[in-house]
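Peer 1: Those protein sequence lines, which keep their order, are chains A and B. Be aware that the first sequence starts at 4, since it is given in my numbering, and climbs by one per residue. Be aware that the second sequence starts at 1244, since it is given in my numbering, and climbs by one per residue.
It should be emphasised that the hints constitute simulated quantities derived from the structure, not laboratory data. Possibly wrong hints are sitting among the right ones.
So the derived list for chain A, only partly shown, Cβ under 7 Å to chain B, looks like this [stated by the list, open to error]: (1) M4; (2) K7; (3) A36; (4) A44; (5) V45; (6) V49; (7) L52; (8) I57; (9) A69.
Capping the alpha-carbon separation at 20 Å, the derived lysine to any residue pairs in SDA-like fashion look like this [claimed, not checked]: (10) B:K1438 / B:H1408; (11) B:K1438 / B:A1427; (12) B:K1348 / A:V89; (13) B:K1438 / A:V49; (14) B:K1438 / A:A33; (15) B:K1438 / A:R46; (16) B:K1438 / A:F63; (17) B:K1438 / A:V89; (18) A:K7 / B:L1451; (19) B:K1438 / A:L11; (20) B:K1438 / A:T25; (21) B:K1334 / A:R46; (22) B:K1334 / B:L1279; (23) B:K1348 / A:V88; (24) B:K1438 / A:Y13; (25) B:K1348 / A:L10; (26) A:K7 / B:E1450; (27) A:K7 / B:K1348; (28) B:K1438 / A:V88; (29) B:K1438 / A:L24; (30) B:K1438 / A:Y16; (31) B:K1438 / A:A20; (32) B:K1438 / A:V45; (33) B:K1438 / A:G19; (34) B:K1348 / A:D8; (35) A:K7 / B:Q1446; (36) A:K7 / B:A1427.
Think of the CB as a built atom: it goes at the ideal place given N, C-alpha and C, for glycine as much as any other residue.
Residue-level listing of the chains:
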Amino acid sequence: MTCKDFLLLYSAYRDGANPRLTAAMEAHLAVCAACEAHDQAVRRGVDALRREVILPSDDFVERLDARLASGEDVEESFRPHVSPVVASAMAVLLLALAVFASRRPAMVSTAAAQVDPPSVARPVATAGIPFVAFVPGP
Amino acid sequence: MATLTHRPIWSDSEDGLPARSTQRPPESSALVAAHLAGDPHAFGQLVLRYQTRLLNFVYRMVGDRERAEDLVQEAFIRVHRHLHRYDPSRKFSTWLYTIASNLAKNELRNRRRSPLVFFQVIRQRWQGDRRPVDFEDSSTRPDRVYAAHQLRELVDETVGRLAQHHREVFVLRELEGKSYEEIAEIAGCNIGTVKSRLNRARQSFAELIAPRLD
Chain A
4 MTCKDFLLLY SAYRDGANPR LTAAMEAHLA VCAACEAHDQ AVRRGVDALR
54 REVILPSDDF VERLDARLAS GEDVEESFRP HVSPVVASAM AVLLLALAVF
104 ASRRPAMVST AAAQVDPPSV ARPVATAGIP FVAFVPGP
Chain B
1244 MATLTHRPIW SDSEDGLPAR STQRPPESSA LVAAHLAGDP HAFGQLVLRY
1294 QTRLLNFVYR MVGDRERAED LVQEAFIRVH RHLHRYDPSR KFSTWLYTIA
1344 SNLAKNELRN RRRSPLVFFQ VIRQRWQGDR RPVDFEDSST RPDRVYAAHQ
1394 LRELVDETVG RLAQHHREVF VLRELEGKSY EEIAEIAGCN IGTVKSRLNR
1444 ARQSFAELIA PRLD
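Please construct the entire structure, taking both the sequences and the accompanying hints into account.
Peer 2: Structure follows, in structure tokens:
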């Protein structure tokens, strides 16, 4: 077993799921000072962590009781969290869709295309009164 | 409104406290059922059973004891309000830890949005002597007390330096002894992710703490 293998399998070893793995890891620990130091660091740190027990304040239950009795409002649900990366990707996608939609030629059915365009008044400048006249469009 | 009256007749072994009776403690799901059936003492028993464990978990997540207590209380308030929605096929403690974990993550997210509050700054504000800590090492030799104090500080700092998603699985596994399945449910990910996060967390923990031991 190499040190790389040891580190890769360390978590499974620490959780003690496989006796064969345990034997192989311990054989490596017996001959490798670096991996032994790694194992000891985790063990000592976790032991210290487990010995430190934080106790609730003396008035914890009384305060909780008061909060419950007051009918304090709590949010019904957690706000949905969208990561900045996902939000940026969605914004870019929406922008791309908007650009695509604006550049795409308008879809007109064949039947609709055969209908005569509606007449639209066009201003035409003339010399006579009232100087501007309206004539039907094309 | 039910009050949190409790009759401490059962062993509170889950809190690490000595047994007060030989009577077997009821399952948490039985206490939930009793509360829903109108037993005014049942919810108080649930609070007693989980308050310390939950406080230690949330404290490890957020690094601020007072805030951790507030969040644990909020978790119990949510549980109290929504206990009728509890699915008895699920483990009660997993449901409770999921609520507390989400509250802790929300707290950390809000802190990231408010850059004036940093995890490490909060930790540094704490003087070890002022912390109401029950340290099980009964040795009173000054050198041992000092060494234990230093190690405690170092471990606290190291856990605080782990990435949030690594810290969560690390604490749930190493401190709370949760199974991979429970951690997956609490953290909202699959078991493979739990295993890989745990491996990374343990490696990071060792890399951070090893150079500073001795």
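Peer 1: Now tell me, hint by hint, if it's right for this structure.
Peer 2: Against the structure, the hints:
1. The interface hint given for A:M4 is violated, since its Cβ lies 16 Å from the closest Cβ of chain B, which is over the 7 Å cut-off.
2. Restraint check, A:K7 versus chain B: the minimum CB separation of about 12 Å is more than 7 Å; hint violated.
3. Hint status for A:A36: violated, given a least beta-carbon distance of 12 Å to chain B, over 7 Å.
4. Below 7 Å, beta-carbon pairs count as interface contacts, and A:A44 has one with chain B at about 4 Å; its hint therefore holds.
5. Taking 7 Å as the C-beta cut-off, the interface hint given for A:V45 holds, the closest approach to chain B being about 5 Å.
6. Interface hint at A:V49: satisfied, since its Cβ lies 5 Å from the closest Cβ of chain B, which is below the 7 Å cut-off.
7. For A:L52, the interface hint holds, the least distance from its beta-carbon to any beta-carbon of chain B being 5 Å, beneath 7 Å.
8. Evaluation of the A:I57 hint against chain B yields a held restraint, the C-beta minimum of about 5 Å falling below 7 Å.
9. Interface hint status for A:A69: violated, as the beta-carbon distance to the closest one in chain B is roughly 10 Å, over 7 Å.
10. Of the supplied pair hints, the one linking B:K1438 and B:H1408 holds, its CA atoms being roughly 12 Å apart against a limit of 20 Å.
11. Proximity of B:K1438 to B:A1427 is assessed by CA-CA distance (about 9 Å); at most 20 Å being required, the pair is judged to hold.
12. For a cut-off of 20 Å, the pair hint linking B:K1348 to A:V89 stands: about 19 Å separates their Cα positions.
13. The straight-line distance between the Cα atoms of B:K1438 and A:V49 is roughly 18 Å, inside the 20 Å bound, and the hint therefore holds.
14. A C-alpha spacing of about 25 Å is found between B:K1438 and A:A33, which places the hinted pair above 20 Å, so the restraint is violated.
15. Taking the CA atoms of B:K1438 and A:R46, the gap is about 18 Å. The hint holds against a cut of 20 Å.
16. As the CA atoms of B:K1438 and A:F63 are separated by approximately 35 Å, the hinted pair breaks the 20 Å bound.
17. Of the supplied pair hints, the one linking B:K1438 and A:V89 is violated, its CA atoms being roughly 25 Å apart against a limit of 20 Å.
18. Between A:K7 and B:L1451 the alpha-carbon distance is near 18 Å, which keeps this suggested pair within the 20 Å criterion.
19. A distance of roughly 11 Å separates the Cα atoms of B:K1438 and A:L11; the hinted pair therefore holds under the 20 Å criterion.
20. Our distance criterion of 20 Å between C-alpha atoms is met by B:K1438 and A:T25, whose separation comes to about 17 Å.
21. Only pairs whose Cα atoms come within 20 Å are accepted, and B:K1334 paired with A:R46 is rejected, the gap being roughly 29 Å.
22. In summary, the hint linking B:K1334 to B:L1279 is supported, as the alpha carbons are separated by about 17 Å, within the 20 Å threshold.
23. Between the alpha carbons of B:K1348 and A:V88 the distance comes to roughly 18 Å, so the proposed pair stays at or under 20 Å and holds.
24. For the hint pairing B:K1438 with A:Y13, the CA-to-CA distance comes to about 11 Å; that is within 20 Å, so the pair holds.
25. With a C-alpha separation of about 29 Å, the suggested pairing of B:K1348 with A:L10 is violated against the 20 Å cut-off.
26. As the CA atoms of A:K7 and B:E1450 are separated by approximately 14 Å, the hinted pair is consistent with the 20 Å bound.
27. Proposed proximity of A:K7 and B:K1348 is contradicted: the alpha carbons are some 33 Å apart, above 20 Å.
28. Taking the CA atoms of B:K1438 and A:V88, the gap is about 25 Å. The hint is violated against a cut of 20 Å.
29. At most 20 Å may separate the alpha-carbon atoms for a hinted pair to count; B:K1438 and A:L24 meet this at roughly 16 Å.
30. For the suggested pair B:K1438 and A:Y16, the alpha carbons sit about 12 Å apart, so the restraint of at most 20 Å is met.
31. Among the hinted pairs, B:K1438 with A:A20 is consistent with the structure: their alpha-carbon atoms are about 12 Å apart, no more than 20 Å.
32. This hinted pair checks out: B:K1438 and A:V45 have alpha carbons roughly 16 Å apart, not beyond 20 Å.
33. For a cut-off of 20 Å, the pair hint linking B:K1438 to A:G19 stands: about 13 Å separates their Cα positions.
34. Distance hint between B:K1348 and A:D8 is unfulfilled; the C-alpha atoms sit about 33 Å from each other, more than 20 Å.
35. As the CA atoms of A:K7 and B:Q1446 are separated by approximately 12 Å, the hinted pair is consistent with the 20 Å bound.
36. Between A:K7 and B:A1427, the direct Cα distance comes to roughly 26 Å. Violation of the 20 Å bound is thereby established for this hinted pair.
Against the hints set out earlier in the document, violations occur for numbers 1, 2, 3, 9, 14, 16, 17, 21, 25, 27, 28, 34, 36.
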